[in-house]
Each structure stands twice: as C-alpha cells, then as structure tokens.
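There are 2 protein chains.
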Amino acid sequence: MDSINADITSAHVEAEELNGHIGEKVLIHGVIYKIREMSDFAFVLLQTKKNVLQCIYSKEYSQFALSGLKDNMAVVICGEVIKEERSRTGNEIRLISYEALSYPVSETPLVINNKEIICTLGSLLDNRPITLRNSRERAIFRIQAGICAGFRKFLSENGFTEIHSPKIVASGAEGGANIFDLEYFGKQAYLCQSPQFYKQIMVGVFERVYEIAPVFRAEKHDTSRHLNEYTSIDLEVGFIKNFYDLMQIETKMIIETCAYLKANYTEELALLKVTVPEFTEIPAIRFMEAKNMVSKTYGREITDFLDFDPEEEKLLCEIIKKKTGSDFVFVTHYRSLKRPFYTMDTPKDPEVTESYDLLFRGMEVTTGGQRIHDYNAQVAKMKERGMDIEAFSGYLMAHRYGLPPHGGMGTGLERFTAKLLGFQNVRLATLFPRDMNRLEP
Amino acid sequence: MDSINADITSAHVEAEELNGHIGEKVLIHGVIYKIREMSDFAFVLLQTKKNVLQCIYSKEYSQFALSGLKDNMAVVICGEVIKEERSRTGNEIRLISYEALSYPVSETPLVINNKEIICTLGSLLDNRPITLRNSRERAIFRIQAGICAGFRKFLSENGFTEIHSPKIVASGAEGGANIFDLEYFGKQAYLCQSPQFYKQIMVGVFERVYEIAPVFRAEKHDTSRHLNEYTSIDLEVGFIKNFYDLMQIETKMIIETCAYLKANYTEELALLKVTVPEFTEIPAIRFMEAKNMVSKTYGREITDFLDFDPEEEKLLCEIIKKKTGSDFVFVTHYRSLKRPFYTMDTPKDPEVTESYDLLFRGMEVTTGGQRIHDYNAQVAKMKERGMDIEAFSGYLMAHRYGLPPHGGMGTGLERFTAKLLGFQNVRLATLFPRDMNRLEP
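Respectively, the protein sequence lines represent chains P and S.
Last residue of the first sequence: number 440 in numbering that gives the first Met the number 0, and the count goes up by one each step with no gaps.
Last residue of the second sequence: number 440 in numbering that gives the first Met the number 0, and the count goes up by one each step with no gaps.
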C-alpha cells in the first residue's frame, strides 16, 4: 500500500515568482505562444497559467537549435532569469535548454498568436478550442472568472448562503413557450428557465441565498443579445422594506465587484483597454417616464407600451449617460402584464409592479423585484391569470407556511461581461455559446 | 429621476452583532422558530440568517399578548439585549414589542421545530420547502455551502481559473446509455454528463481550470448512492508528471477544506455532531490488490474483475480504517475496459489505467486520472473502441493543436457532504433531489 501526502513539491518555478529568482537558473513549464526571430537572436514567448513570459534565444547561451521549438508545443525550459524593466513581468529568461512535453500535429488553421484574431465571428466560435488561446480571448474569460469571484465575495460577506437547485424541473418559472422539454423516466420534464421558485423557497430557510448556475431559454431569437443557455447570477433577499433595498444591494455589489476587478485583474483589463465604471450611485427612472423621454428626445412614436425594444434601451442609456454620466440606469415599475405572476404589484397602482431592470451601456443585464410573499395574494393572482394552482403546490408550500417579505434579482454573467468589455455581441463573452444554430463545440 | 446609492442602512440589528449591544434596546428581524411556554414566562426562539436567538417573553416587560405570536411568522421584534452565558449566542433578548410582517395560513403538516423531524424519507423530501427550515436540515446545507467555499478557496489560491461550460451538448463525455436527450431546434442534443471535454480543452487555455456545476445522468439506478442530477466539482490540471500529482492535489484540497469548515462552521458541525477527519496523508492501493484484500479478509469470491460493488467499497473502507485509521482511500489503476476513452493507460501495463477513485467512509466520491494528451494516441484509442472520430472533432481540436500532459478529477458535492455528515443516503445531502421517481418539489 502506498500513501499520498499533501507536500506538493515541484522542480519548476511558478511564473509569478520569477522576480524572486533574478540571476538564477530555473525550470519553468508552459506552452510556446510565439517565436519572433530577430537578426541575431529570437524572442520566444512562453504562455504560463497567468502570464506570457519573454524568453530570449541566442546562440551565445542557448544550447539547442531554435528550429526545434514550434508554436503550441508544451515545454519545460531551463533558463537564467534576468531583470528587465521593459518586459511586462519585470524580467526575461535567457533560454539554455528545453524539454518538449507534447507536440501539436499541425499548425493552427487560424493565426491565433497575433494581437487580435482576424476572422469572422462564426470562425472564431467554430474554432473556440484554439482561438481561446489568444491572449485577448484568455483575458476576457479571466475577467469573467473575476466577475464571479467579485460577486461571490460580496455575497458571502453580506450573509448570503450559496445553494444548488435542480435544473430538471416539473414546471417553468417564467411561463411562456420559451422552455426546453425532455422525457424524464416516462414523465414530462423541463429545463430550468430560472431558479426563481427554489430561491424563494430558500429565503424561507436562509433569509439570503444566491446561486450562480446555468439557465435555459428555448427562445427563437437569433440576435446579438440572446443565448439559449447562459450563466445566471441569482440572489434572493428576505426582510426587505421594498424593492429599493434590492437596487441598493445591487448598486453596492457592482461597485465592489468593479473594485475587486481593478485590484486583481489589472493586466487583463489593460490588455483589453477596458474602462471599469467608477460610480457611487445609479440613476433610477420609471418605465413610462423612460419611454416618454426616449420618444421625446428622438422623436420616436411609442408603439409598445409594455416593454422596450433593444433600440430604445440603447437610446435611453445614451440619454442617461449624457445627463448624469452614468453607464448604468435602473428602470422601475414595469407593467404588471409584462412581469411574471410572482411579481408584486405596486399597491397604489396595480397596473405596474415593484420591479426593475438594470440597463448597462445599452443592454438589460439584470431583472429584479419584490415578490408576493402572502399565500392568499399569490393564489389570487395565479387564479386571475388562469394558472393551475395544483401544479405549483411545492412552490406554494413556502408561502402557505410563511415567507418574509422578500425580493431578488438575476443577472446574466455573459451580458454583464460583454457590456463591461464593450462588446456588442454577447457571444464574444461566452466560452462555448449555444444559440439556435450553434450546438458545438 | 431618482438615484440609488449603496448606503445600505437598517434600523435592524444583525443577530451576529448582538454582543456589541448588551443592555440596549434593539430591533431584530427573523422568523418565529418555536415558542416554549414555562410557568410564568416563555422562550421564543427566533430564526435569523445564521443563528436561532433566545428571546424571553414575560409579563414583567413584554407589552403584548403571547397568543399573538405563531410559529413561522415573520416579525420584527423590539427587545433588550441581556448577557446570558448559558445561551449559545452568549445573549438573550427580553421581548418588549413586535410587529408581524407576514403570516402563515396554517400550521405545518409535520412538526419541523423539534431537534429532528420524525417522518419517512419520502415525506421529508416531499415537504422540502418546510422541512429545510428545521435547524438540523439548515445546518446540512450551510455546511454544503462551506464545502464549496472551501474547495473554491483552495482552487483560486492554487492558480485555477473558474469556467462555465455548456450543459446542452452534441455528444456525451462518458458514453453509454445514461444520457438524457432533448430536441434542440430540430437537432438531437443531450444533457451534459460531465464537463470533461470542456475542461480538457480549457487546460490548453488556462493550464488549471475548475467548474462547480450540475451534471445529469439518466441512470436507471434507484439506490441510496445515485442521483439523476448532481453538483459536480470538476477540475483539470496541466503539466502533471503523472496521476500521483492529482492525488496529492486532492489530498491537500480536502485537508484545507476540512480546516476551513472547522474554522467557519463550528456551530453547524457541533449541532450535527460531525467529526471532521484530521489527516496528513491518504493511503493508496491498486484496484486488484484491493479486490484481493476484501476477498481474503471477508471470504468473498471475486465475480466482477472490472469494478467494485457498493458492498466491496464499504468493506474495503472498513479494512483501511482498521489498518491505517484513515477515512479515505485512493484506489488506483482501474481496468482500462472500465474507464472512458480519454483515460491514459499505464505504459508498462496497458490493461490498467493511470486513474483512481477516492473512497470516503465506504463510498466513491471522486473519479480522477491522467488523460491522453497526444492527438495520435487519442485517435488510435477511439478507433480501437469503434468511435466516430468526426463526431468529436471539436474536442480533438485541442489535442491536434497541442495539449500539455494533464489530468483531473470530478467530485460529487452531495456524496461528499453525505459522507462527511455520516449519512447513508445521498438524498439527505441534496436540497431538491432528482431520482427516477422524484421530479418535485
């Protein structure tokens, strides 16, 4: 019998620690990102977990033929660390020797190691397994991981408990036809459109809960804003006074996430030339007021009194940006007819709801609002909408046996990332997008 | 236009801060958990986000009728904080007045506020929205959130980047019939059995990646160990020397997660009387050696030479516990025939693989191993198994254009939680289990 301990030792030095090894010979592992031959030496860029290291090949000290190195080879290099202030990492490595650990079988069909990959969106996504290796592409998804980490940090510091709710469900939370169905051991089942029911149930257990997980929408919209599967940052909060509490929580969460990114993802943000918004408050405007403002400013006739079209969202954000300097705007009091059955109507004006959307640089990124917590009020609203109460008995059990006043929100991770990075198409901020025409890779 | 800032102020005091308010009158919100009437006073237990607070009702100072308070009511209480060392929170609250925020419509059909809920497993799960409110049930899922947080802390401190891969996929990672299918805009699609392909692809991008997300298995096993949807903690590591590196990483990760739980979930662990394992190493034994050991020790004939049955896993763990004191054991070198096509065979003995399972208190909780990184070797093994190479072209693009030597593992969150807490049935550690007979709530 063997025994495995936790003393992970490696002869290899981590790229992040190189400045502690100036003047020393070290072993470092990584992948050859790019070789740039100069007249009497060559730059060999080595991709490591976080950084691209600048290595120098020169016949003066390199004991091998440069032609042995190829892009995308996994190698361990042996080299001497030199202080070099012009390099982004503050050092460079004089290559002495190397060992190849694996070989690509051919060159990539696209050039992936220039600043940007020059190709169509379709080609970029078709070739995701290799296009993601580009430094800019990597930076996008490093920042996406940072956004999740920032949100989670805020949530755990503010008393939220993480939950894991099922994605195969017996009934949809959002209603409508936008739901994928599947056969589940002889029963009809669906893919979760939102963890709505479960997070409300869990408010009755933990008061504050969150979940970051995939949701599925069978929407037949093939636009730059829609995905059929996306990652939803969902949270729900008990004991709110009203839905303004939720907008305050979201404001604070985004401010802290932006600060977290600036502190921990400096290089990635610089590479993508991202301006992280700095702000202390977010303007809020009622839905109808916003509608009229856009109509008046741009001379557009209002045809849909229930919702914005994408163009209106963009124009509204432009107006708000000009008026207040804010990249964000809360739109409140959406029409009751447009909001799901669990949304609380505004007591003094039941045509509208205690709900909001957050728009960010022209696109809706969050939907939130106060929910109905009273059992009788919830059942009455469901009956009004002709819903089958019995089909929701599990969900309604929470209301029946007492739920505090509560509300919550859901933010699309990919949309938030896209808007932060200034992308028009949400697919650019999705590792492996799923849309009507794309199921692979 | 309004403006929302981040200055979240509340007149209510957080339960965790009460010891800073001894002698003061405070407002606290929560849910009535239990009322225990004594001869001339009453204990009113108030559930808050993390703690149950001990409040005292007495005609001496309480300015309301006790009969107004009901279990499961959401309230704001006004009371005076008194130092009380016999109370678990170090204080108690003398109730002065209260305001009801919401009312249950009836009493719960099960008694949920005793130490344990006395009912069948079926009834416990059917009534999840309310049975989860029991203090012991809450503690289970608080600890589960802590396990995730502990794993994530280790992973982010050790250079792993979090990813989000799609759950609707074009082909299964594990093979076999255990896969749910669905129609996806006229195409045949499946629910992801494992993020295997994506995490291997992403090793080519970030070197070290992880994902904590749902996976789906259409297995027709209705046992205490199986769920048809579970939360998988998946990670993948580039530049490993061999699969012993993976077992070292897992050993360290579990040691640190256990320490994290002990530091941050003291009360929950005490309530459930959990012994968190303390260890510095985990024994490792080859599959056939383990088979023979169980056979010899318990006089059992070996009928299946490819895998353990659940009874054998239990017996093996008993032997290991007796011999070494360890609650964990790595079983290595499973037969090639039993492992998926991406598993690396042992070079000197290709009948077996560079793979392992981790057993914890009688049950497999992790499967891991080294993967084939060489394109030609991977294609050869797939052809040997009669697989359609073309159907995996997206996945194989990673190998074709170079992948470092790598491997990884997947741990079932619910199984890990169940075994840590000493449960026989994995459903007890699942918020809303999905099995062959259960699709609700």
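Read the hints as simulated data drawn from the structure, not as lab findings.
Take these hints with a grain of salt, some might be off.
What the hints assert, rightly or not - Simulated pairs of lysine-lysine, DSSO-like, Cα-Cα distance not exceeding 30 Å: (1) 49(P) with 251(S); (2) 251(S) with 48(P); (3) 114(S) with 48(S); (4) 152(S) with 49(P); (5) 295(S) with 272(S); (6) 152(S) with 240(P).
Quick rundown of the hints versus the structure:
1. Between residue 49(P) and residue 251(S) the alpha-carbon distance is near 22 Å, which keeps this suggested pair within the 30 Å criterion.
2. For the hint pairing residue 251(S) with residue 48(P), the CA-to-CA distance comes to about 20 Å; that is within 30 Å, so the pair holds.
3. At roughly 18 Å between alpha-carbon atoms, residue 114(S) and residue 48(S) fall within 30 Å of each other, so this suggested pair holds.
4. With a C-alpha separation of about 18 Å, the suggested pair residue 152(S) and residue 49(P) falls inside the 30 Å cut-off, and the hint holds.
5. Simply put, residue 295(S) and residue 272(S) have alpha-carbon atoms about 35 Å apart, too far for the 30 Å limit, and the pair is violated.
6. Using a Cα cut-off of 30 Å, the hinted pair residue 152(S) and residue 240(P) is violated, with the two alpha carbons roughly 34 Å apart.
Violated hints, listed in ascending order, are 5, 6; each of the other numbered hints is respected by the structure.
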